[in-house]
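Note that the protein sequences, when read in sequence, are chains L and V.
Mapped onto full-length UniProt numbering, the consecutive letters of the first sequence carry residue numbers 1 to 403.
Mapped onto full-length UniProt numbering, the consecutive letters of the second sequence carry residue numbers 1 to 403.
Rather than coming from a laboratory, the hints here were simulated on the basis of the structure.
We put the beta carbon where it would ideally sit given N, CA and C, even for glycine.
Be aware that a few hints might be false.
Facing chain L, a subset of chain V residues (Cβ under 8 Å, in silico) [to be verified]:
#	residue
1	A207
2	E268
3	F278
Protein chains: 2
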Amino acid sequence: MSEYVHADARGASVGLVERREFVLEQGLEVACGLRLAPVSVAYETYGTLNRDGTNAILVLHALTGDSHAAGYYAGEDAKPGWWDIMIGPGKPLDTDRYFVICSNVLGGCMGSTGPASIDPQTGKPFGSDFPVLTIGDMVRVQRRLLDHLGVDRLLCAVGGSVGGMQVLEWSVRYPDRVFSAIPLATTTKHSAQAIAFNEVARQAIMADPQWNGGHYYEGARPGHGLAVARMIGHITYLSDESMRHKFDRRLQDRCDLSFNFEADFQVESYLRYQGNKFVERFDANSFLYLTKAADYFNLEKEWGNGSLVAAFARARARYLVTSFTSDWLYPTYQSKAMVQAMKKNGLDVSFCEIEAPWGHDAFLLPNERLDTLMGGFLERMERELEKERARKTTAAGANGHAL
Amino acid sequence: MSEYVHADARGASVGLVERREFVLEQGLEVACGLRLAPVSVAYETYGTLNRDGTNAILVLHALTGDSHAAGYYAGEDAKPGWWDIMIGPGKPLDTDRYFVICSNVLGGCMGSTGPASIDPQTGKPFGSDFPVLTIGDMVRVQRRLLDHLGVDRLLCAVGGSVGGMQVLEWSVRYPDRVFSAIPLATTTKHSAQAIAFNEVARQAIMADPQWNGGHYYEGARPGHGLAVARMIGHITYLSDESMRHKFDRRLQDRCDLSFNFEADFQVESYLRYQGNKFVERFDANSFLYLTKAADYFNLEKEWGNGSLVAAFARARARYLVTSFTSDWLYPTYQSKAMVQAMKKNGLDVSFCEIEAPWGHDAFLLPNERLDTLMGGFLERMERELEKERARKTTAAGANGHAL
Numbered sequence: 001m002s003e004y005v006h007a008d009a010r011g012a013s014v015g016l017v018e019r020r021e022f023v024l025e026q027g028l029e030v031a032c033g034l035r036l037a038p039v040s041v042a043y044e045t046y047g048t049l050n051r052d053g054t055n056a057i058l059v060l061h062a063l064t065g066d067s068h069a070a071g072y073y074a075g076e077d078a079k080p081g082w083w084d085i086m087i088g089p090g091k092p093l094d095t096d097r098y099f100v101i102c103s104n105v106l107g108g109c110m111g112s113t114g115p116a117s118i119d120p121q122t123g124k125p126f127g128s129d130f131p132v133l134t135i136g137d138m139v140r141v142q143r144r145l146l147d148h149l150g151v152d153r154l155l156c157a158v159g160g161s162v163g164g165m166q167v168l169e170w171s172v173r174y175p176d177r178v179f180s181a182i183p184l185a186t187t188t189k190h191s192a193q194a195i196a197f198n199e200v201a202r203q204a205i206m207a208d209p210q211w212n213g214g215h216y217y218e219g220a221r222p223g224h225g226l227a228v229a230r231m232i233g234h235i236t237y238l239s240d241e242s243m244r245h246k247f248d249r250r251l252q253d254r255c256d257l258s259f260n261f262e263a264d265f266q267v268e269s270y271l272r273y274q275g276n277k278f279v280e281r282f283d284a285n286s287f288l289y290l291t292k293a294a295d296y297f298n299l300e301k302e303w304g305n306g307s308l309v310a311a312f313a314r315a316r317a318r319y320l321v322t323s324f325t326s327d328w329l330y331p332t333y334q335s336k337a338m339v340q341a342m343k344k345n346g347l348d349v350s351f352c353e354i355e356a357p358w359g360h361d362a363f364l365l366p367n368e369r370l371d372t373l374m375g376g377f378l379e380r381m382e383r384e385l386e387k388e389r390a391r392k393t394t395a396a397g398a399n400g401h402a403l
Numbered sequence: 001m002s003e004y005v006h007a008d009a010r011g012a013s014v015g016l017v018e019r020r021e022f023v024l025e026q027g028l029e030v031a032c033g034l035r036l037a038p039v040s041v042a043y044e045t046y047g048t049l050n051r052d053g054t055n056a057i058l059v060l061h062a063l064t065g066d067s068h069a070a071g072y073y074a075g076e077d078a079k080p081g082w083w084d085i086m087i088g089p090g091k092p093l094d095t096d097r098y099f100v101i102c103s104n105v106l107g108g109c110m111g112s113t114g115p116a117s118i119d120p121q122t123g124k125p126f127g128s129d130f131p132v133l134t135i136g137d138m139v140r141v142q143r144r145l146l147d148h149l150g151v152d153r154l155l156c157a158v159g160g161s162v163g164g165m166q167v168l169e170w171s172v173r174y175p176d177r178v179f180s181a182i183p184l185a186t187t188t189k190h191s192a193q194a195i196a197f198n199e200v201a202r203q204a205i206m207a208d209p210q211w212n213g214g215h216y217y218e219g220a221r222p223g224h225g226l227a228v229a230r231m232i233g234h235i236t237y238l239s240d241e242s243m244r245h246k247f248d249r250r251l252q253d254r255c256d257l258s259f260n261f262e263a264d265f266q267v268e269s270y271l272r273y274q275g276n277k278f279v280e281r282f283d284a285n286s287f288l289y290l291t292k293a294a295d296y297f298n299l300e301k302e303w304g305n306g307s308l309v310a311a312f313a314r315a316r317a318r319y320l321v322t323s324f325t326s327d328w329l330y331p332t333y334q335s336k337a338m339v340q341a342m343k344k345n346g347l348d349v350s351f352c353e354i355e356a357p358w359g360h361d362a363f364l365l366p367n368e369r370l371d372t373l374m375g376g377f378l379e380r381m382e383r384e385l386e387k388e389r390a391r392k393t394t395a396a397g398a399n400g401h402a403l
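Turn these sequences into a full structure, and let the hints steer you where they fit.
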């Protein structure tokens with residue numbers, strides 16, 4: 001048993017895991033009309049798919065996440081996957097019961113095909129010749145991965161933020177393949193303010209001379225621009241209240257103001273650290289492409305000809321929609337709008353606004369209320385899926401078609 | 001009569017104006033301990049100081065404002081001063097009754113001494129050798145200007161945002177020289193979130209290689225960094241609601257998404273335009289110094305040993321405090337905290353939270369409610385000042401000291 005496998009009140013770890021790769025040799029034609037081939041997808045799975053294939057849960061990561069959602073890699077430092085508090089034996093996404101899948105999005109930089117991948121046409125990294133993608137493109141690739149894994153229908157698709165957009169897209173694009181869906185801290189379309197923050201972050205990257213029009217892989221990378229972009233994003237992930245609790249006006253390593261442009265305040269030092277740390281792990285072009293995909297996402301325009309109610313008319317999933325009181329990036333009114341549109345279609349919807357001071361990031365932090373909600377919802381979904389299958393078997397038997 | 005002098009429902013224009021200069025040859029020792037000499041101050045005045053010197057109003061501009069608060073410059077395009085809607089005959093700051101003064105802050109780049117000024121020690125622009133300033137330093141220079149203009153006591157000090165910080169500083173630093181004060185849309189200290197936004201904006205400037213450690217005046221200026229800094233600030237001046245009204249997800253000059261990194265949405269195009277326009281008129285180093293001064297501002301620490309109530313114990317002014325519902329940069333709770341501290345000192349305080357969707361910028365926009373509040377408050381202040389003078393004269397007469 002690995003030294004990493006420990007259990008606590010929140011459940012146990014899935015232990016050592018490995019990143020796998022799925023290659024879609026024929027690739028796909030993405031929304032802008034270009035063909036991208038081959039397409040690689042980095043993914044991980046936790047738990048075991050049952051014989052009936054009814055226990056699969058697809059976890060969709062947020063903007064800068066990756067396929068490493070739970071457990072530990074061998075030989076690396078002991079930082080667990082990004083949603084390890086949620087995935088594992090005895091945790092809400094209980095790997096003793098469910099088969100959990102997480103893949104890196106198309107356009108990302110953590111193993112899946114993205115702007116840093118080699119363009120087969122040139123033998124060099126795509127850079128800004130990579131096609132601009134949509135959330136729909138990401139979801140289409142994920143569907144191919146599920147085909148490959150033998151998962152016909154998901155018990156649940158779950159994710160927060162940009163991951164929540166993918167959840168919504170899944171439930172509308174492939175209604176027959178999603179039994180239930182948990183969009184967390186997300187929206188059906190970015191507000192002007194959310195687009196504005198992303199655009200300024202992109203401008204920070206593109207203003208860095210080392211960005212070099214997107215073709216920088218053979219030279220120095222646009223680290224300064226990417227760090228600023230990350231800092232901007234980071235402020236939107238927190239809240240006025242959480243920043244006051246965490247930093248207030250406390251000074252960093254000094255007893256008085258510096259009267260220079262060093263970091264006087266802890267919050268400044270924190271942001272600089274976050275910016276610099278991000279540069280080590282993330283590709284600037286991926287940041288551009290993924291924020292653009294998030295800005296383009298517009299469920300009502302894409303699927304409802306401008307009407308959100310019409311968009312959800314396609315959906316068949318049972319939903320658990322969750323927002324957080326202090327999330328000002330995707331405020332509760334946006335979740336309420338989607339809940340209303342779902343209800344107008346007679347869909348089975350649970351909605352909860354969770355009281356939490358931590359801003360948008362709340363969905364990633366330990367939260368008992370969220371654990372209970374998600375765990376309870378998934379158990380109900382298991383039972384309902386079982387009932388549905390029993391009904392179908394009985395109906396088929398009554399019609400003389402059983403076996 | 002100038003062609004620019006036109007009257008409307010909001011009152012008339014002050015017409016053609018000129019920027020003047022006041023030079024403080026001996027300069028001053030600023031808060032960090034360095035001496036800055038000489039110090040130039042660009043200023044404008046509108047209306048006439050009365051014989052008793054009781055009708056002077058000092059207007060304090062916000063972060064990137066200037067001394068040109070009202071009227072028009074000769075021979076330039078017809079854009080009026082930044083608060084022309086508020087200052088003029090028949091307007092709330094009625095120049096038929098009041099003598100209105102506005103000066104560019106120390107550290108600015110619109111005529112007053114700042115980092116782009118020549119350092120007499122080297123004969124070259126200061127750049128980042130300019131001392132880091134405080135709001136208190138700015139106010140001390142303004143006091144010298146008032147001495148020069150023969151104004152012993154202000155009928156009122158008025159300003160919004162960083163201008164409001166100067167109003168507060170005036171009322172506490174020079175209690176005997178401020179009969180009344182109108183701090184608008186402001187705070188007694190920046191929240192961690194406000195510092196965070198300023199810090200990211202500063203990082204955007206300092207990440208621009210053309211910033212060159214602050215010494216760029218002989219070469220290309222850090223325009224890309226400054227534009228990004230301005231865009232960040234601009235988002236914080238608006239609100240989620242106002243951005244939705246103004247832009248929502250409307251596309252710019254196109255009927256569909258571009259699938260490239262041009263500005264797809266109007267809000268993107270607007271921000272790029274605002275960023276680029278700003279670079280033409282503002283100096284990047286001034287942006288660094290002025291945001292730092294705003295971040296350093298902390299009335300309770302400076303004047304109350306950590307207690308806001310103790311800080312206002314020094315004050316003698318009558319206050320009109322105003323906040324705006326959708327201002328999330330300096331939210332109403334911050335105005336309420338200062339009102340509470342003023343009241344605990346038995347000060348005469350009026351407080352109003354104005355319902356307005358326009359975010360922090362609301363104080364600069366036409367607003368009948370604000371006009372009425374400010375106009376009414378100033379009239380009351382005139383009467384009260386008159387009463388106070390009458391009381392003093394009577395008291396002096398009763399004691400046989402009259403004349």
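Hint check:
no.	hint	in the structure
1	A207	holds (4 Å)
2	E268	holds (4 Å)
3	F278	violated (13 Å)
Hint check: a violation occurs at hint 3 only; the rest are consistent with the structure.
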